[in-house]
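Sequences are here, hints too, so could you generate the full structure?
Chains as they are written, first to last, in the numbering used here: chain R, 1 to 229; chain H, 1001 to 1408.
Treat the hints as calculated values from the structure; they're not laboratory data.
A couple of the hints might just be wrong.
Away from chain R, derived, C-beta distances all over 12 Å, residues of chain H [claimed, not checked]: (1) S1064; (2) T1131; (3) G1135; (4) P1207; (5) N1245; (6) V1283; (7) A1287; (8) L1322; (9) A1324; (10) T1325; (11) T1328; (12) V1366; (13) D1400.
Some chain R residues flagged as far from chain H (calculated, every beta-carbon gap over 10 Å) [as the list claims (entries may be wrong)]: (14) T13; (15) P107; (16) K116; (17) V135; (18) S174; (19) T177; (20) L228.
Listed next, the in silico DSS-like pairs over lysine-lysine satisfying Cα-Cα at most 25 Å (straight line) [said to hold, decoys possible]: (21) K1395/H to K1008/H; (22) K1398/H to K1008/H; (23) K1051/H to K1008/H; (24) K1219/H to K1147/H; (25) K1051/H to K1018/H; (26) K1018/H to K1008/H; (27) K79/R to K1398/H; (28) K83/R to K1051/H; (29) K1147/H to K1084/H; (30) K79/R to K116/R; (31) K1051/H to K1237/H; (32) K136/R to K79/R; (33) K116/R to K5/R; (34) K1218/H to K1068/H; (35) K138/R to K1147/H; (36) K136/R to K1147/H; (37) K114/R to K138/R; (38) K1008/H to K79/R; (39) K1051/H to K1147/H; (40) K83/R to K1398/H.
Every residue gets a Cβ at the ideal spot worked out from N, C-alpha and C, and that includes glycine.
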Amino acid sequence: MISVKNIIKTYTTGAETLVALDTISLEITAGEFTAIMGPSGSGKSTLMNILGLLDRFDSGTYMLNDQNVSDLTDNESAKVRNKEIGFVFQSFNLMPRMSVLENVELPLVYTGVKAKERRERALQALERVDLSNRVKHKPNEISGGQKQRVAIARAIVNNPSVLMADEPTGNLDSKTTVDIMRIFQELNAEGTTILMVTHEPEVALYTKRIVTFRDGVLVSDQPQQQKLV
Amino acid sequence: MNIRENFKMAVDSIFSNKLRSLLTMLGIIIGIAAVIAILSVGNGATSEITKTFNDFGASTISVSVSDKASVDATITDADIEALKNSIPEITRISPDNTANTTVRSVFDSRSALAFSGTSDLQYTNRSMESTITYGRYFNQSDYDDAKEVVVITEDTAAALFNGRQNVIGETIQLIGNTGNTLNLKIIGIMEGTFQELQGSFDLSQMPLYLALPLTTMKKLNPTVAVMNSLTVQVTDKDAIESVSNRMVRLLETRHDTVGEDMYTATNFLQALDQVDSVLGLFVNFIAAVAGIALLVGGIGVMNIMLVSVTERTREIGTRKALGATTNTILFQFLMEAVILTLIGGIIGLVLGILLANGIASALDIVPTITLGSVLLVLLFSTAVGVFFGIYPARKAAKLDPIEALRYE
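Below, the structure is given as structure tokens:
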């Protein structure tokens, strides 16, 4: 599903050149639940942005669903993001003036789905995250955990190939963290491919595979075998 | 992403910041209101003036003899005959002589303007109404024989005869500025002239109006009662230019003054053109002021849109991550700017119409609000929105999604 080969990404500030990703190759197959770990500045978020087609890289190739997406224009990237990638952010990034339902509908608006179908699919997605009773609320009227569930519903509403979550539990307390991770596990069990950036080992325990970065280099790639307590 | 969605988002965003949106629109509102008020009052005034001029005689020509002209150049009865005979479009023609006199009756003595000419003066004189209340106007034989008869207005009759109106057969004495006197028999009473001025002037201070044959006037004061000007009415407005030229040419030929510029023909169409152009200048000036208000309003819109783009940087980043293309974002913010100015335009339109009605009723004219000016306003406010919204919208559309998502 996702296949990157020899990705190099550098940042240049003045005379200094920082290598953010140093020749990274990684394969992710459909149905996987992968945690990308590492300390801050290790390059894990940079990789996530590149995989999410939000950022460009200097060299290497990126194949998504057997299509070369290494060199797309901004608008082509936007369309691929809309259809193939669902994003979950650390700080939820919901539209404050829109209701829960409208927030979930937003990706479908950009796809061009008709209002009636949009509504039905958004309600289905909200049902999957167990939020059918909050559809008319505004984001500031619901809790942090509920906000993140809305964001997950928004990420899966267009049935993307892969769900990408960047520190999805970073702003949540430990109890809510467990709730959210359980939802990810359920979605994964139903067949959703999930890629998650985190620096918390206990969160990574919910995944099936852990890829670790340090200083822009991939240092370990192992199945996650520890049982949850 | 369809227009309806975009529209809804834009309206949501505008209404979630009601006060800010209203303040932003203020410049547009004031500008549009001013434009609409001025346009409709200006149009109303123009049509009012045009109507007045048409009532007054748009088909009237005045011919005047230059001050420098010798006595030989003065218009004669034979000239009038010749003009009538050779220019069939002329319906009425009369000398138009006005003299300051004093008029005395058995009751009172007042200053008066004495108009004199031929019998056509009844229609060519614009100071007195042509409708007769009692008696008759002086006729050609009165003129030819220089009969000592006079026609006065109702107001003059009332002023001279203690409020009486029908004073046919009474005699008044006209005193010229040389002290000569002439007794005149009243043969006709014309409709009053002062109605339009009532309320604005003290009527007892107004000069009285009376009309008599020029030949009779000559008896009172031969140096004043000369034919230095003619008033001519023609069959239709379109003939004015050609009749004017032919009259001047004929008079020049008859008095052997070709090329000396002794006779000038003017008409009310020219006067109307002048009034129109003065009015037009005024309207343009106010329109320019309103244009500056719109410009300032537009800059206000641009300013607030830039603030809005900055405030919503993260929202823009999120939208891009969810699949919004550059054009989608561009269109969203452009739409917001246009709706902002369009709402401002509509509010301004309503205020402008109210304002126009207020001004118009104070000036006693009917404001003219055309569909054209309404469309112009809507089109213009849209244009202001597009013009001043495009830069902020492009700024939003071009944001780098990662930078935007990271923005605090």
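Which of the stated hints cannot be reconciled with the structure, identified by number in ascending sequence?
Going through the list in order, the structure violates hints 8, 9, 10, 11, 13, 15, 23, 25, 28, 32, 33, 35, 36 and 39 and respects the others.
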